Every structure is written in C-alpha cells, then in structure tokens.
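Using the sequences and the hints, build the whole thing.
So the protein lines, in turn, are chains A and B. Residue numbers for the first sequence, in the working numbering: 1 to 111. Residue numbers for the second sequence, in the working numbering: 1001 to 1397.
Hint data in this document are derived by calculation from the structure and do not stem from the laboratory. Since the model is a prediction, treat every value here as computed from it, not as a measurement. There's no promise every hint is true.
[To be verified] Derived contacts from chain A toward chain B, CB cut-off under 7 angstroms, selection only:
#, residue
1, 75
2, 83
3, 84
4, 87
[Claimed, not checked] Label pairs and their calculated CB-CB ranges:
#, chain 1, residue 1, chain 2, residue 2, range
5, B, 1032, A, 101, 22 to 30 angstroms
6, A, 29, B, 1160, 35 to 43 angstroms
7, B, 1053, A, 31, 19 to 27 angstroms
8, A, 33, B, 1046, 48 to 56 angstroms
9, A, 57, B, 1181, 37 to 45 angstroms
10, A, 9, B, 1106, 55 to 63 angstroms
11, B, 1243, A, 38, 24 to 32 angstroms
Where is the CB? At the ideal position from N, CA and C, for every residue including glycine.
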Amino acid sequence: MGDSAADDSKIPITVDFSGGLEILFSNQRHYALSLPAADKDGSPSTIKSLVGYLLKELIKDPRQDLFVLDGHIRPGILVLINNADWELEGEEDYELQAGDNIFFVSTLHGG
Amino acid sequence: MAPALCAVCKTARALIKRPKNHAKLCKTCFITIFEDEVHHTIISSKLFFPGEKVAIGASGGKDSTVLASVLKTLNERHGYGLDLVLLSIDEGIKGYRDDSLETVKKNAIDYDMPLKVVGYDELYGWTMDQVVETIGKKGNCTYCGVFRRQALDRGAKMLGIKHVVTGHNADDVAETVLMNLLRGDLPRLSRSTSIITGDSRSEVKRSKPLKYSYEKEIVLYAHHKKLLYFTTECIYSPEAFRGSARGLIKQLERVRPSSILDIVRSGEDMARLVPGASSSGCGCKGKEDAPLTAEEEEVGGGCGSSAGRPPGGEMAAMDRQLRENEEAEGLEIDVAKTMASKQEPKRELPIRNSNSKPTTQQVLGNCRLCGYMSSQDICQACTLLEGLNKNRAQIQI
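What follows is the structure, given as structure tokens:
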C-alpha cells in the first residue's frame, strides 16, 4: 500500500509495550516511530536495529536489563510482529517493513 | 517468505508458535485448542462436580483473568453447572492493589460473576504496609505469601464455598519445583505439583486448572481475546530466590521450550517418590489425543510432554538404573576408601544436614490457635502474627 510514496530513507512503524514494559517507556503504551531504512553498514533495518534504537532513543528508565539482557530481548518478553509470534518471522533478523506494528509484551510480571 | 499457514485449519495465517510442541496455529484454532486443553485437564483430573460453588482467586493479573474467562466459557460450553464467584484479596498495599482491584471489578461486570474482596486487615489485623513498617522490606514476601494462602481459604469459607481455583500456570509450577529442589524440600515439592491440594481434613479444596498452560500462551490468549488485565510489580522488593528461579526457567524456555512442561512432569514423578504422596499427574497418561493435527514429530497428545515416552519402559528403565547403581557403587567405594582413611566415623546420610527434617509426608493437623489446617502445632500465619504482635522482626520459618 503506497510503496512508491514512501520515503526511501525512513520506515514508519508503530511500537506497543504491554505487560508492564510500558513502565520502562515513560508509561506510554503506543509509539509511532520513523526508523532509518538501513543500518550504518547499509543492511536493511531489522528488529535488532529497532531494539538498538529503543535503547538509545526511547527508554527512560535506568533498568534497561528488564528489556534487554546480554544484547538480546530478555527471555520472558514476547514479541509480536503484525500480531504474529516473532518466532514465525525470523526473530531479531526480521527486516522491518513500512507500516509494521511491533508489540512487546512481558510475561514476567505478576498475575 | 510466504506466511506460514495454521497447522490445523490450513487456511488462516499462523500467528502462534506453541512452546510445547512448536505447532503453528492461527488465532481461532489457538484459542480453541487452549480452551480444549484446559477442559481436558479439568475432566481428566475430575476437578469439579455439577452444581459446585467455585471461587476464582482473582488478582486482576493475566493468569486469574484468563482463568476466569476460560472457566466461564467452558462452564457454558460443556455444561459443568458451576456456580462461579470471583474472590480477591486486598493485602493492604497502597498503590498496588488499589488499581488491580479496579480491574477485578471490571472483570466481575464483564464475566457477570459476583465479587468478594477480603482484606488482610480484617483477617489478621495487619495490612502489608503495616507489616513492612514493622519488619522492613526484607522478608516481607514470606508474610504476604503465608497470609495470602490462608486468606483465599478463609474468604471462601466466609462465602460458604469449598473450592478455590487459582491461576497458577506451568511456569509457576516449574519455578516452584526448581525452588523446592534447590532447597532440598521434597515434601513441599510433592505438594506443589499436585493439581488439587487440601485433603479431607481441610475445609477448602484448592486446584489449578491452568497447571499445564504455558505463561506465554496465557498472555497470548489474553492478547488475542483482548482481555483486560492489570500489570504491575509489587512495590516491595521481589523475592530474590524466586526471581532467579524464574529467570532460569525463562532462559531454558528460549533454548528448549518444552523444558517447562518437562520440569512440571519431573516434579510430578519426583513427588511419587515422596513417602505417602499420591500421584498427581494428569489422569490421562498422555494417551488421549489432543485436539491437534500432528504436523511435526514433536506434536504430542495429552498433558505435558510425556506423551513421547516409550510405553512400558519402566521395567527396562529400572533395570538400567539398577545396573548403573551398581557401577556407581564401584566408583563410590574407591572414593569412600580414600576418604575413610582421613575422616571421622562415617555418617549414614552425609548429604542431609543434621538439622534438616526427615523426608516424609507431613501430617496435617489443625492449628492450635486458629484451627486452620497445619502440619505444625501452630500454623505459619499464627506464628508470624505472634511475632508481629510482639513487634519481633524477621522470624525464620
């Protein structure tokens, strides 16, 4: 949808946080972001690039290890790419497309 | 890469990859299978009888919200004839329960169930805020946990209800199995794996219908059914040991998702080794087909992941174990000989500390002070309360 109109250098995506993760992101659940289409080395932006961006630009809480542990999304956090389990989409290596919704939900919080 | 199709209906796009067997499912088939499996657990473990009044321990969190939603659905779909009530405990932590109780109130309206809220203050004369004021943040989880356990039962009793269901999931059970294993507490391990707890002496029966449900799937069920739940961390410091066990489980899950149900299954098997313990596994022995079309080899039926175990292998396994024991004995003797020359007379069971209790099933009686069922003369809650009331801090239990 509207591929030709998209700015080549930026990809518009939406990101949601839930299950307690929103606490790390200024208590805001929904974000509309514009990400560079490619990493510094020219390869297409992936979930990994997004996580790097979130850590650098968006996370305000000092407890970053509740989101990323040893360079990867903390075990116990589910990632949905356009509502599908990221395990079906290539996990961190999934290449972001314009209009994607990435949903991070923690299972670690009390029930 | 073309999107994967659902392994069951083969038409809709797969959105879920199941941790227990890697099956790829669409939203509709996932919701059906999740509900069918809980139904299977309920039926094979004979959790309910028609007309039973059941209180759902409701915290407003994901587990109890999903439990309430699934039980309502199954009760209507399969005609269980249950009279369902939401029961919430107010620990008296300002800024924590206040918000989650609002969620429970909303659930009560959504699911059309009556709601009863019982406070620690009316049950024990202490709110958790007051407990923390007295003893500090360290160790307060012990108080909260002991009080909560009784609070649900006492709340149920006030309502004239003899059965409380809780939202404990497979991850919770696996975590508890690990913790008890690491503490060397087999009797407690045995009790924690049972789907039903409380025997004929206790007035209130407890059960966990989501015992075989992955936390991941509970969260996904809530997400795809758009259920409203509340998330927050308890504002008092989390239990470090439980946190470590939880972290370990989640890391294992990432590497080998079936680990969680395997730990639950191992816990059940170990529980059978505890003297006087009753077998607690799913009644189906994994023979009944799960409502799932096999797509991959690992897709198994029944509860847990035991379905893939070779049948009738128990004797062979026993045989093998005996042989291994003999071999190990050989090694042990060598070690023992060298040790014996240097050490004091041999103790019979050097692995147990002299102050640890023998591994036997605890005998349940009643608390001398409050009459609540207890394996001790005075129940844990009363012991803790006695200490609190004397303003004595940090009792080890």
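Hint by hint, here is what the structure shows:
1. The closest approach between the C-beta of residue 75/A and any C-beta of chain B is roughly 4 angstroms, which is under the 7 angstroms cut-off, so the hint is satisfied.
2. The criterion of a C-beta within 7 angstroms of any C-beta in chain B is met by residue 83/A, whose closest approach is roughly 6 angstroms, and the hint holds.
3. At a threshold of 7 angstroms, the smallest CB-CB gap from residue 84/A to chain B is about 4 angstroms, leaving the interface hint in force.
4. For residue 87/A, the shortest C-beta to C-beta distance to chain B is roughly 5 angstroms, which falls under 7 angstroms, so the interface hint holds.
5. At about 25 angstroms, the CB distance of residue 1032/B to residue 101/A agrees with the hint of 22 to 30 angstroms.
6. Our hint of 35 to 43 angstroms for residue 29/A and residue 1160/B holds, since their Cβ atoms are close to 41 angstroms apart.
7. At roughly 46 angstroms, the beta carbons of residue 1053/B and residue 31/A sit outside the given window of 19 to 27 angstroms.
8. The hinted range of 48 to 56 angstroms is satisfied by residue 33/A and residue 1046/B, whose Cβ atoms lie roughly 51 angstroms apart.
9. Our hint of 37 to 45 angstroms for residue 57/A and residue 1181/B holds, since their Cβ atoms are close to 43 angstroms apart.
10. Between residue 9/A and residue 1106/B the C-beta distance comes to about 44 angstroms, which lies outside the given range of 55 to 63 angstroms.
11. Residue 1243/B and residue 38/A have their C-beta atoms about 39 angstroms apart, which leaves the hinted 24 to 32 angstroms range violated.
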